[in-house]
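Undergrad: Next come the chains, spelled out residue by residue.
Number of protein chains: 2
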Amino acid sequence: MSENRPLILVTNDDGINAPGIRALIEVMNTLGDVMVVAPDSPQSGMGHAITINDTLYCNSINVIKDAPHKEYSCSGTPVDCVKIAVNEILKRKPDLCVSGINHGSNSSINVIYSGTMSAAVEAGTQGIPSIGFSLLDYSLEADFGPSKKFVKAIAQQTLKNGLPKGVVLNVNIPKLNASEINGIKICRQANAHWEEKFDKRTNPVGRDYYWLSGEFVNDDEGEDTDEWALRNGYVSVVPVQFDLTAYRAMDELNSWELK
Amino acid sequence: MSENRPLILVTNDDGINAPGIRALIEVMNTLGDVMVVAPDSPQSGMGHAITINDTLYCNSINVIKDAPHKEYSCSGTPVDCVKIAVNEILKRKPDLCVSGINHGSNSSINVIYSGTMSAAVEAGTQGIPSIGFSLLDYSLEADFGPSKKFVKAIAQQTLKNGLPKGVVLNVNIPKLNASEINGIKICRQANAHWEEKFDKRTNPVGRDYYWLSGEFVNDDEGEDTDEWALRNGYVSVVPVQFDLTAYRAMDELNSWELK
Chain A
57 MSENRPLILV TNDDGINAPG IRALIEVMNT LGDVMVVAPD SPQSGMGHAI
107 TINDTLYCNS INVIKDAPHK EYSCSGTPVD CVKIAVNEIL KRKPDLCVSG
157 INHGSNSSIN VIYSGTMSAA VEAGTQGIPS IGFSLLDYSL EADFGPSKKF
207 VKAIAQQTLK NGLPKGVVLN VNIPKLNASE INGIKICRQA NAHWEEKFDK
257 RTNPVGRDYY WLSGEFVNDD EGEDTDEWAL RNGYVSVVPV QFDLTAYRAM
307 DELNSWELK
Chain B
57 MSENRPLILV TNDDGINAPG IRALIEVMNT LGDVMVVAPD SPQSGMGHAI
107 TINDTLYCNS INVIKDAPHK EYSCSGTPVD CVKIAVNEIL KRKPDLCVSG
157 INHGSNSSIN VIYSGTMSAA VEAGTQGIPS IGFSLLDYSL EADFGPSKKF
207 VKAIAQQTLK NGLPKGVVLN VNIPKLNASE INGIKICRQA NAHWEEKFDK
257 RTNPVGRDYY WLSGEFVNDD EGEDTDEWAL RNGYVSVVPV QFDLTAYRAM
307 DELNSWELK
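In order, the protein sequences belong to chains A and B.
First residue of the first sequence? That's 57 in our numbering, and the numbers climb one at a time after it.
First residue of the second sequence? That's 57 in our numbering, and the numbers climb one at a time after it.
It is possible that some hints are incorrect.
The list treats identical chains as one, so a pair stands whether inside a single copy or across any two.
To be verified - Simulated crosslink set (SDA-like; lysine to any residue; CA at most 20 Å straight-line):
1. Lys221 - Asp299
2. Lys256 - Ala209
3. Lys147 - Gly270
4. Lys149 - Tyr128
5. Lys216 - Ser97
Simulated from the structure, these hints should not be mistaken for lab results.
These figures come from a predicted structure and were not determined experimentally.
With the hints as extra help, turn the sequences into a complete structure.
TA: Rendered as structure tokens:
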């Protein structure tokens, strides 16, 4: 690998064989030297989970013959992949970490459930400029073609400008043809939530069990949100921080009778 | 259950049989009608993971004979427990959700890995005043006695005052005798990170594997942080938000060449 080209770590949460990570690798190979360290199986909904009571396996694999990049398949979560990449596999701290392209939205409150974004956040806590990319199409046959120019533009600008301290990017791309996408919007996270609906069934031996399902409810009318941008044909970019302190709440709490 | 007493949901991430949740249930029984819905096995480090590709079991259990509260043991993550409690088990939205008492710290950046805090955050997204409690003692034999009066005071104030919209509390308690604890401090999350050290070993059939371990590095000298408070004998209370937007970064990103 060249010493002059940027070193780029690629990971995801849909697993190393997902079409989304293949599209991301293809774009990143045009920008720098690429190292892929990704879960060996799908890890959707894993949030910022880490493996602390089990062993981790991490193996060099060869998905594509004569590829310019290297790949490792890891038994852990997306966050585990970033940790093991940075500490055991990469010879130096990468210049960029990209995660995705996720099959499905990570906009709004979905950011807190997202393994894709947690991988980006983990790299961010280690001082690495990081971006999570998601396409609003859950299908394994999703067309990642229209995403590529936006992924490239945002990654290039991140490599050029860096990111503010303590900030990573949450990028969501609408499921549209290239000609239908209106551009890129910097947004805030919409104030939305999930209303759960559990599907209760009975197993063959008579024991009740549940499937988690639910409905996404957007309570936010703002035109500066990621939900608005995506509904209106824009790629949404939300700067995400991992200092979770609600500074605005501190005065109120200081007035409580706790002293 | 009475209609006048507050309805309190109790969960955790160390599992329904952990001593920490027993201490929390004991305190909550003095404040309201208690429903426990907690994981059937330890879920530490699960972050905001949810179970989307597997079934969930949730069974009424009787841990203590003639207890005033009810308990359900759930096969999922802490976040699953909150979702199933609110949507399938409780007859109305609870007045308070408490999670813990965790065996070990969830201060500073640990908040993003914490199943204890993710359960509280999940309840928060559903509009329920919520608190995660953690004691800085990983031992299963930890003494939760000194924690109880602080847990009770903070829960009482939360029931009385409510919490600002979009905010939950992250409470950490130092491992000290009751007489050594100086009081409660409202804090910001310290700017700290983990430096990983993987322990590489070889299994009996010759395959390499890793154990994740690491060192907590606090880069923050501030005396207004949770880390400072805990080191100086205070119970730390950090208001935590789940709007992760880094508003301060939006101007800078708007200056990028993306349009």
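Undergrad: Indicate which option fits the pair Lys221, Asp299 if close means a Cα-Cα distance not exceeding 20 Å: within, between, both or neither.
TA: Cα proximity of Lys221 and Asp299: in one copy and across copies (11 Å, 18 Å).
Undergrad: Given a CA cutoff of 20 Å, do Lys147 and Gly270 count as a within-copy pair, a between-copy pair, both, or neither?
TA: Answer is between: at 18 Å across copies they meet the 20 Å cutoff, but 43 Å inside does not.
Undergrad: At 20 Å max between alpha carbons, let me know whether Lys256 reaches Ala209 within a copy, between copies, both or neither.
TA: Close neither inside one copy (45 Å) nor across copies (38 Å); limit 20 Å.
Undergrad: When no copy is specified for Lys149 and Tyr128, does a C-alpha distance of 20 Å or less occur within a copy, between copies, both, or neither?
TA: This pair counts as within: shortest intra-copy Cα distance 17 Å, inter-copy 45 Å.
Undergrad: Using 20 Å as the alpha-carbon threshold, which applies to Lys216 and Ser97: within, between, both, or neither?
TA: neither (33 Å within a copy, 46 Å between copies)
Hint violations for this structure: numbers 2, 5, all remaining hints satisfied.
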